Amino acid sequence: MLNKRMLLLLGIIMSMVLVLAACGPDRESSDDSESNDTEDTEESENSEETSDDSGEESSDGISAEKPEKLVVWADEEKSVGIEDAIAAFEEEHGIEIEVSELEMATKQKEQLRLDGPAGTGPDVLTLPHDQIGQMAKEGLVDPISVDDETLGIYTDSSVQAVTFEGETYGIPKATETPVLIYNKEHMEEAPESMEELYEMSQEFNGDGKYAFLALFDNYYFAHSILAGYGGYVFEENDGTMDPMSLGLNTEGAIEGGEYIQKWYEEGLFPEGIIGESGGSTKTGLMEDGQVAATMDGPWAVQGLRDAGIDYGAAPMPKLPNGEYPQTFVGVKSWNVSGYSENKEWATEFIKFIANKENSKARFEAVGEIPPVQSLIEDPVIADDPVSKAVAIQSERGVPMPNIPEMGHVWEPMAGALQLIATGEQTPEEALNEAVDTIKTNIETNQ
Amino acid sequence: MEGNEVKTNHRKVALYLSIFPGAGQFYNKQYIKGFFFLILGASFLAVFYDLLNIGYWGLITLGTIPMEDHSIFLMVQGIIALLVTVVGLGIYALNLLDAYRNGKRRDEGTEIQSVSKQYHNLVDSGFPYLMITPGFLLLIFVVIFPILFVILLSFTNYSANNSPPANLVDWVGFKNYIELFQLDIWRNTFLNVFSWTIVWTFLATTLQIAVGIFLAVLVNQKELRFKKTIRTIFILPWAVPAFVSILVFAGMFNNTFGAINTDILAFLGMDPIPWLTDPFWTKFALIMIQSWLGFPFIFVMVTGVLQSIPNDLFEAATIDGASMWQKFKQITFPIVMYATAPIMITQYTFNFNNFNVIFLFNGGGPAVPGQNAGGTDILISWIYKLTLQQSQYGKAAAITMILSLIVITVAIWQFRRTKAFQEEDMM
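Heads up: the sequence lines are chains Z and R, in that order.
Just so we're aligned, residue 5 is where the first sequence starts under the working numbering, counting upward by one.
Just so we're aligned, residue 5 is where the second sequence starts under the working numbering, counting upward by one.
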């Protein structure tokens with residue numbers, strides 16, 4: 005008896021609670037008092053801060069109220085490159101810039117997801133361009149309004165890289181792409197074509213020495229070959245990519261796969277550089293001076309320098325079909341947070357720190373190559389062989405697709421390339437299967 | 005007594021009055037307590053009204069306006085609201101129960117206990133409960149909360165394509181679970197990963213336990229000299245952080261440059277083995293490595309147990325003419341197992357979720373055609389890839405749920421069968 009009654013009572017209470025639940029937030033009267041506590045306080049702070057300088061708004065041609073400070077997240081160990089530009093900006097506009105360093109590839113994204121809604125996020129952050137699509141979809145970064153004149157100073161591929169669904173999501177900051185890095189002890193001059201490397205491999209290889217090594221089981225590197233033969237990741241129409249139209253098992257891509265398989269099949273690439281720890285193994289061989297040439301990014305140079313290797317660098321040599329390999333170009337960019345209260349000023353700031361002078365200063369300080377067209381010819385870059393090679397190769401390459409669906413491409417492609425490398429499957433089988441997998445994964449994730 | 009019960013019906017009146025917290029206590033003339041419940045009820049509603057309101061609304065709708073409503077935060081708030089409600093209902097039930105009990109006392113003509121008497125009762129007999137309460141409340145939020153979060157997440161379509169705040173997450177029911185078995189590629193992957201996880205758990209763990217016990221018994225032989233040195237050497241694999249050992253192994257097993265192929269197998273005149281590119285050999289290597297990493301713990305533990313076995317047992321056995329094997333089978337092994345079985349079982353659950361060795365050795369590779377995970381991925385490393393590399397949170401949560409169910413079932417079943425948990429003497 006009692007138990008039944010108790011249950012009945014509990015039932016009544018539960019249903020009361022559920023009725024209560026149907027109320028939801030009372031948006032009309034107190035929109036931000038309930039659900040957006042943090043925003044509320046932030047707004048009030050801002051209005052306090054900005055009340056002082058309300059008189060000088062119009063002098064900068066920006067209608068938005070001038071904030072007291074902008075928070076900038078710079079890449080780890082790279083903020084030294086923008087110190088002077090920040091000082092100049094602070095002096096010119098009277099806005100304090102607070103810079104903190106945060107690892108760019110993953111930390112900034114993860115941190116923004118938490119800090120943004122909490123109101124402690126930055127106004128300006130910096131991202132690799134291939135994250136832009138995902139973050140734009142999540143509303144973490146906002147499109148910026150910049151005129152063609154501002155964007156005109158950057159290379160086309162870098163502007164394309166920061167464009168997502170037809171809108172500009174950032175200002176290019178730096179560019180990088182794999183190039184041919186060679187050991188001058190074994191190779192006096194960079195070869196003109198991959199065929200030369202191939203022929204050299206057949207004589208030079210043996211006794212733990214290799215004429216040319218590349219991580220072609222890693223899709224980041226292998227794309228250059230597939231694309232060089234005519235493959236592509238997603239079909240592109242008017243700046244928008246179609247995630248369901250893949251070009252990774254086209255005739256050209258398969259031909260590229262066959263070319264890749266040739267290197268492994270004939271033992272020119274050892275099995276030991278396939279898979280998870282292949283990269284470190286390859287780097288080790290290169291730094292031991294066992295390898296004449298390798299395909300790697302500018303980030304590999306520091307290790308070679310430390311190992312005392314006399315290295316040179318050149319753009320990637322031509323493929324047997326006469327085309328240049330189309331390497332994946334990565335562009336780092338300055339972006340405006342979707343949570344920023346001062347988007348116009350944040351935009352103004354990133355335009356300023358990435359302009360030609362400041363880009364050049366940044367290059368001199370941290371060595372990351374700015375995708376500013378006129379700087380490629382500038383002696384600062386042209387005199388440094390690695391920078392020059394990267395700059396030239398960047399123009400020949402294609403930016404990594406920045407749509408979120410790209411996240412589904414890496415794993416299956418790595419798998420397919422590994423199967424090609426170990427000879428488990430023919431390139432055609434492997435690539436067809438990879439495309440199927442990618443499509444299923446994209447579909448189930450819609 | 006019986007006549008009394010018919011005439012008065014205080015217990016029911018008190019119970020119904022108590023629907024409004026405290027009223028029943030007032031009716032029972034327990035004014036202080038009634039006041040206490042009233043205040044508690046009122047403040048509960050006042051303090052938690054917003055939380056409960058937004059929480060339940062959010063939990064049901066998961067937000068309605070993108071950018072303004074953050075589905076995942078709403079879900080978190082909803083779970084907190086749920087937990088707060090449970091605690092609130094608990095106190096409410098206490099209120100009802102108290103009114104009913106005291107009403108019953110009045111019906112039966114027994115004296116109602118005063119507040120100070122009840123307080124003394126509580127302190128005297130309920131002291132352990134009083135001490136546990138804060139910890140228990142903490143436990144609700146630290147343990148129950150994340151579990152509820154994963155459970156709920158597995159019923160949503162939360163993934164990279166569908167990430168707040170720009171998008172709203174929706175409830176999709178069992179879609180994640182169904183797709184796991186419906187779509188060819190997911191089913192293949194799930195079955196392959198699952199079966200390898202089971203094989204891996206049993207082979208690696210059994211091997212490490214067997215080796216551990218074998219060596220411990222061997223080293224424990226009286227005739228053996230330099231015991232300390234030998235034991236020290238056997239503990240070494242445990243002393244070096246597994247993280248480092250596994251990475252070193254990854255280098256040693258390298259197909260072309262690793263010491264195993266170039267030095268050891270070459271010295272024995274064997275062909276190099278594709279340790280890192282052939283799924284079978286990668287699995288073989290992983291099981292060997294885990295046995296090597298895992299046996300010292302068992303070795304140390306069993307060595308400890310062996311010290312405590314009384315010598316007369318063996319002496320008696322020797323007099324009866326028992327062989328070495330008989331002594332081991334009848335005396336040593338049962339005693340060792342009795343003392344250590346629970347820990348042995350945790351070894352199985354540990355390896356079931358042994359992310360380190362799988363991930364660090366070959367990243368779950370090598371690739372195998374027609375599936376979403378690598379050839380040596382176990383469930384936990386696959387979940388890692390799904391969440392951190394492919395951002396398929398909903399699906400990963402569903403797999404996590406399946407994985408937890410397996411571990412929980414096995415653990416409960418095994419622990420219940422283990423004598424060590426039955427609080428009784430061995431002999």
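Please note that a few of the clues may not be correct.
[Stated by the list, open to error] Covered stretches of chain Z (chain R as the covering partner; in silico rule of three or more C-beta atoms under 8 Å from a C-beta of chain R): (1) 275-287; (2) 401-413; (3) 434-445.
[Said to hold, decoys possible] Quick list of in silico lysine-lysine cross-link-like pairs, DSSO-like style, CA-CA up to 30 Å: (4) Lys389(R) / Lys111(Z); (5) Lys266(Z) / Lys179(R); (6) Lys443(Z) / Lys179(R); (7) Lys389(R) / Lys443(Z); (8) Lys141(Z) / Lys179(R).
Hints were generated in silico from the structure; no laboratory data involved.
Nothing here was measured: the structure is a model prediction, and the numbers come from that model.
Backbone N, C-alpha and C define an ideal beta-carbon position, used for all residues, glycine too.
Honestly, which of those hints from before does the structure not fit?
Hint 5 alone not satisfied by this model.
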